[in-house]
Amino acid sequence: MSAISEFFHAGGYGFYIWGSYGAAILLMVGELTIIKQQYRTILKRLSRMARMNAAEEDE
Amino acid sequence: MSINWFKYSSPTTFYPLAGKMIPFFGWLTALLTIGGLYWGFFETPDTLSDQKEYYRIIYIHVGAAWMSMWLYIMMAAWALAGLVFQTRLSYMIASAIAPTGAIATFLALWTGAFWGKTSWGTWWDWDPRMTSELILLFLYMGYMALQSAIDDPRRADRAAALLALVGLVCVPIIFWSINCPNPNECAALHQTSKPGGGNMDPNILIAMLVVALAFWMYSFVAVLMRVRNIILERERHTTWVNEMLEDKQ
Amino acid sequence: MLEITNLTCSRGDRQLFTGLNFSLKPGSLLYVEGRNGTGKSTLLRAICGLFLADSGDILWDGKNTQSLAEDYTKEVVYLGHHNGIKDDLSGLENLRISTVLDGDDVTEEQIWNALKKMGLKGFEDLPTKVLSQGQKRRVALARLLLNSSKLWILDEPFTALDVAAVDLLQSVIADHISKGGMVVLTTHQEVALTAGQIQRLELGKKKNKNV
Amino acid sequence: MRDLTLAMRRRTDVLTTLFFFIIVVSLFPLGAGTEKMILMKIAPGVAWVAALLASMLALERLFASDFADGTLEQMLLTPQPIFILVLGKVFAHWLLTGLPLVFIAPLVGLQYYLPDEAVSTMMLALLIGTPILSLVGAIGAALTLGLRGGGILLSLLILPLYIPIMVYGAGVVSASATGTTDLQAYFSILSGFLILALVLSPIATAAALRISVE
Numbered sequence: 001m002s003a004i005s006e007f008f009h010a011g012g013y014g015f016y017i018w019g020s021y022g023a024a025i026l027l028m029v030g031e032l033t034i035i036k037q038q039y040r041t042i043l044k045r046l047s048r049m050a051r052m053n054a055a056e057e058d059e
Numbered sequence: 001m002s003i004n005w006f007k008y009s010s011p012t013t014f015y016p017l018a019g020k021m022i023p024f025f026g027w028l029t030a031l032l033t034i035g036g037l038y039w040g041f042f043e044t045p046d047t048l049s050d051q052k053e054y055y056r057i058i059y060i061h062v063g064a065a066w067m068s069m070w071l072y073i074m075m076a077a078w079a080l081a082g083l084v085f086q087t088r089l090s091y092m093i094a095s096a097i098a099p100t101g102a103i104a105t106f107l108a109l110w111t112g113a114f115w116g117k118t119s120w121g122t123w124w125d126w127d128p129r130m131t132s133e134l135i136l137l138f139l140y141m142g143y144m145a146l147q148s149a150i151d152d153p154r155r156a157d158r159a160a161a162l163l164a165l166v167g168l169v170c171v172p173i174i175f176w177s178i179n180c181p182n183p184n185e186c187a188a189l190h191q192t193s194k195p196g197g198g199n200m201d202p203n204i205l206i207a208m209l210v211v212a213l214a215f216w217m218y219s220f221v222a223v224l225m226r227v228r229n230i231i232l233e234r235e236r237h238t239t240w241v242n243e244m245l246e247d248k249q
Numbered sequence: 001m002l003e004i005t006n007l008t009c010s011r012g013d014r015q016l017f018t019g020l021n022f023s024l025k026p027g028s029l030l031y032v033e034g035r036n037g038t039g040k041s042t043l044l045r046a047i048c049g050l051f052l053a054d055s056g057d058i059l060w061d062g063k064n065t066q067s068l069a070e071d072y073t074k075e076v077v078y079l080g081h082h083n084g085i086k087d088d089l090s091g092l093e094n095l096r097i098s099t100v101l102d103g104d105d106v107t108e109e110q111i112w113n114a115l116k117k118m119g120l121k122g123f124e125d126l127p128t129k130v131l132s133q134g135q136k137r138r139v140a141l142a143r144l145l146l147n148s149s150k151l152w153i154l155d156e157p158f159t160a161l162d163v164a165a166v167d168l169l170q171s172v173i174a175d176h177i178s179k180g181g182m183v184v185l186t187t188h189q190e191v192a193l194t195a196g197q198i199q200r201l202e203l204g205k206k207k208n209k210n211v
Numbered sequence: 001m002r003d004l005t006l007a008m009r010r011r012t013d014v015l016t017t018l019f020f021f022i023i024v025v026s027l028f029p030l031g032a033g034t035e036k037m038i039l040m041k042i043a044p045g046v047a048w049v050a051a052l053l054a055s056m057l058a059l060e061r062l063f064a065s066d067f068a069d070g071t072l073e074q075m076l077l078t079p080q081p082i083f084i085l086v087l088g089k090v091f092a093h094w095l096l097t098g099l100p101l102v103f104i105a106p107l108v109g110l111q112y113y114l115p116d117e118a119v120s121t122m123m124l125a126l127l128i129g130t131p132i133l134s135l136v137g138a139i140g141a142a143l144t145l146g147l148r149g150g151g152i153l154l155s156l157l158i159l160p161l162y163i164p165i166m167v168y169g170a171g172v173v174s175a176s177a178t179g180t181t182d183l184q185a186y187f188s189i190l191s192g193f194l195i196l197a198l199v200l201s202p203i204a205t206a207a208a209l210r211i212s213v214e
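Chains as they are written, first to last, in my numbering: chain A, 1 to 59; chain B, 1 to 249; chain C, 1 to 211; chain D, 1 to 214.
Keep in mind the hints are simulated off the structure, nothing from the lab. Beta carbons: idealized from backbone N, C-alpha and C, even for Gly. Honestly, I wouldn't trust all of these hints.
35 Å max Cα-Cα, derived DSBU-like pairs, lysine-lysine [said to hold, decoys possible]: (1) B:Lys-117 / D:Lys-41; (2) D:Lys-41 / B:Lys-20; (3) B:Lys-20 / A:Lys-44; (4) C:Lys-116 / C:Lys-150; (5) B:Lys-117 / A:Lys-44.
One side only, chain B facing chain D, incomplete, derived with CB under 8 Å [claimed, not checked]: (6) Met-21; (7) Leu-80; (8) Arg-236.
Per label pair, the in silico range of CB-to-CB distance [what the hints assert, rightly or not]: (9) B:Phe-85 / C:Arg-35: 28 to 36 Å; (10) D:Ser-65 / C:Glu-109: 52 to 60 Å; (11) C:Gln-15 / D:Phe-19: 29 to 37 Å; (12) C:Asp-71 / D:Phe-187: 39 to 47 Å; (13) A:Ala-54 / C:Pro-26: 37 to 45 Å; (14) D:Met-37 / B:Gln-86: 37 to 45 Å; (15) C:Pro-26 / D:Ile-203: 45 to 53 Å; (16) C:Val-130 / A:Met-49: 29 to 37 Å; (17) B:Phe-85 / A:Lys-36: 52 to 60 Å; (18) D:Ile-203 / A:Tyr-39: 22 to 30 Å; (19) B:Asp-151 / A:Tyr-39: 21 to 29 Å; (20) B:Ser-10 / A:Gln-37: 20 to 28 Å.
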């Protein structure tokens, strides 16, 4: 068994340890991704609205 | 002349400031996480006296649990600031903290369950600490539910802020009542199943603290990012947001 | 004397008005005008303390109304879109409760008289749920007759009233002003107000004029 | 006070709450089995959970009708301190929902084979505990005033805050059922909660009402 797989095996407790760490990474990265996504959609919507307003003023 | 402390309490000035702070806290998070986990996995023994390698869950478990409580206190503090000074930004920060706090609480419960399975042989136990975390999760949920149920943002902010304060008053009482349901023999119920106290390996303690710090920095990143979203959403009618949008195009 | 300085109010994300200034002396009436959604009701609610303004001060005799608290609410009577009367209780009971809560010492006979004056003779002890909209409004307006407050804040007081009742209310308002009272009111109907000093405030324009 | 005369006109509310409590309490044995030992063990918890739910039931309407017809605005504008008015309303709520539960408690004792001392303990605990439920619940009722789905939201907000009362309220009954005589500490804690709630809840409720009425 290589050192790496032994490390991940963690003396038989790999499932529990990586289950915990996996959840942590998933949740935190997921949270940031969702916020980032929201940020983009807000910006897109706001600039679309701004363009619409500008077009109205031109008329 | 005195310094204008309220200068940064305006969303207009806070928005770019938050933008500048996010990368800083982001790098700090990454650095502390890598450092703390390296220390925790490679500079520590594989087996403690009574616990095997699974004790390594502790780094994130304790970090998440600490953050869940700290974030609730911070949320209530910003809510109080909002009610006292009538600053919109305070409410925005308070409501930006809630989801991150709920995630930290959930994570603490999740990792607690994994740990419980290995160390006590059960996923869930009505251990006072775990029950308290569960209640904390309910409080976060209540805060977010109230906030989203009210259409008028002003009322939503203030009502949720008041709820956070009421929760803050009740939290110690709730935790205490769970900890000693029988007032005649309170002390006997305190569990010492977690590796703590004096006999902890200093290396583990260091790693734990560093990872907890990483969690803290992470919550700065998440909260600041979310505050920026909220500011944009709420201030969309103002001129400075529109000017900023024009600059970007 | 009521003074408003630099008042800014917003509803939701929208700013209704900013930097509003005016003052109202005893014996005068302020007529708040403006289209729908310009913040008339909000202004009225802010003046009586139901709505928290974003910034600015509302002063009563030179003192901040928020710190005056109960000393100020004693001087104010507010009538909003809701009548503020209980459907299950009779007009008589409604008025008795509100006068007790207002801390006014009013006899049973005065209440009967007030209801009579509002044209509700014979309806005094019926539960108000059997009354018509206009009659309910009259019960609510009867409070004005029994109240010793100086400042009346009336939001659309003329709605649901018939011609006779509009005339009656006008005379009641005029009477109050001639006794040195103050009235702030909004209305969509063009009502010829005959009371003494009339000020007008128009909301919803770029700049708020104070005539 | 005003609310009492008003509430007396809607006497059916009292009966609804009371029957709700009785039904919930009666359902448990059907679900959990009618074994005497089990019933005795779960009785305090069941009684308190049923009391919490029964008290929640009427909470939603605590300020709702006043809010709808504008009398709440008027009350906020009277020269009386708001917390006095809040106390009046909460007291009326308790008289109609809390107090009847105290008197119905012996019935629970009968259904769940509780010894007599435990029944009297339960009555005393309910007597101290139910006003706290009304007081704390009033904050939630004021916050969720006029919202869609306010009732469900209200339970989400308030039930976690009820935990301490339930822990000690049920704890004292269990203790008394198992023959413990030293119940002083439980009642001191419950009374402490009551005093705390009496002082803080009207202030918080008044603030919440101001926010909600706006």
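Against the structure, the hints come out as follows:
At roughly 28 Å between alpha-carbon atoms, Lys-117 (chain B) and Lys-41 (chain D) fall within 35 Å of each other, so this suggested pair holds. This hinted pair does not check out: Lys-41 (chain D) and Lys-20 (chain B) have alpha carbons roughly 59 Å apart, beyond 35 Å. Between the alpha carbons of Lys-20 (chain B) and Lys-44 (chain A) the distance comes to roughly 21 Å, so the proposed pair stays at or under 35 Å and holds. Under the criterion of a C-alpha separation no larger than 35 Å, the hint pairing Lys-116 (chain C) with Lys-150 (chain C) is consistent with the structure, at around 23 Å.
Between Lys-117 (chain B) and Lys-44 (chain A) the CA atoms are separated by roughly 46 Å; this puts the pair beyond 35 Å, and the hint is violated. At a threshold of 8 Å, the smallest CB-CB gap from Met-21 (chain B) to chain D is about 31 Å, leaving the interface hint violated. A hinted interface residue such as Leu-80 (chain B) counts as satisfied when its beta carbon comes closer than 8 Å to some beta carbon of chain D; here the least separation is about 12 Å, so the hint is violated. Given the 8 Å rule on beta carbons, the hint for Arg-236 (chain B) is violated: about 22 Å separates it from the nearest Cβ of chain D.
Here the CB-CB span from Phe-85 (chain B) to Arg-35 (chain C) is close to 34 Å, well matched to the stated 28 to 36 Å. A hinted range of 52 to 60 Å is violated for the C-beta pair Ser-65 (chain D) and Glu-109 (chain C), which are about 30 Å apart. Checking the proposed 29 to 37 Å range against Gln-15 (chain C) and Phe-19 (chain D) shows it is violated: the Cβ atoms sit about 51 Å from each other. Range check, Asp-71 (chain C) to Phe-187 (chain D): about 42 Å between beta-carbon atoms, so the 39 to 47 Å window is met.
Evaluation of the 37 to 45 Å hint for Ala-54 (chain A) and Pro-26 (chain C) yields a failure: the beta carbon distance comes to about 50 Å. Distance hint check for Met-37 (chain D) and Gln-86 (chain B): the Cβ-Cβ separation is about 59 Å, which falls outside the suggested range of 37 to 45 Å. Range check, Pro-26 (chain C) to Ile-203 (chain D): about 35 Å between beta-carbon atoms, so the 45 to 53 Å window is missed. Restraint check, Val-130 (chain C) to Met-49 (chain A): a C-beta distance of roughly 51 Å breaks the suggested window 29 to 37 Å.
Between Phe-85 (chain B) and Lys-36 (chain A) the Cβ separation comes to about 31 Å, which falls outside the hinted range of 52 to 60 Å. Between Ile-203 (chain D) and Tyr-39 (chain A), the C-beta spacing of about 39 Å breaks the proposed range 22 to 30 Å. Here the CB-CB span from Asp-151 (chain B) to Tyr-39 (chain A) is close to 23 Å, well matched to the stated 21 to 29 Å. The hint said 20 to 28 Å for the Cβ distance between Ser-10 (chain B) and Gln-37 (chain A), and at roughly 27 Å that hint holds.
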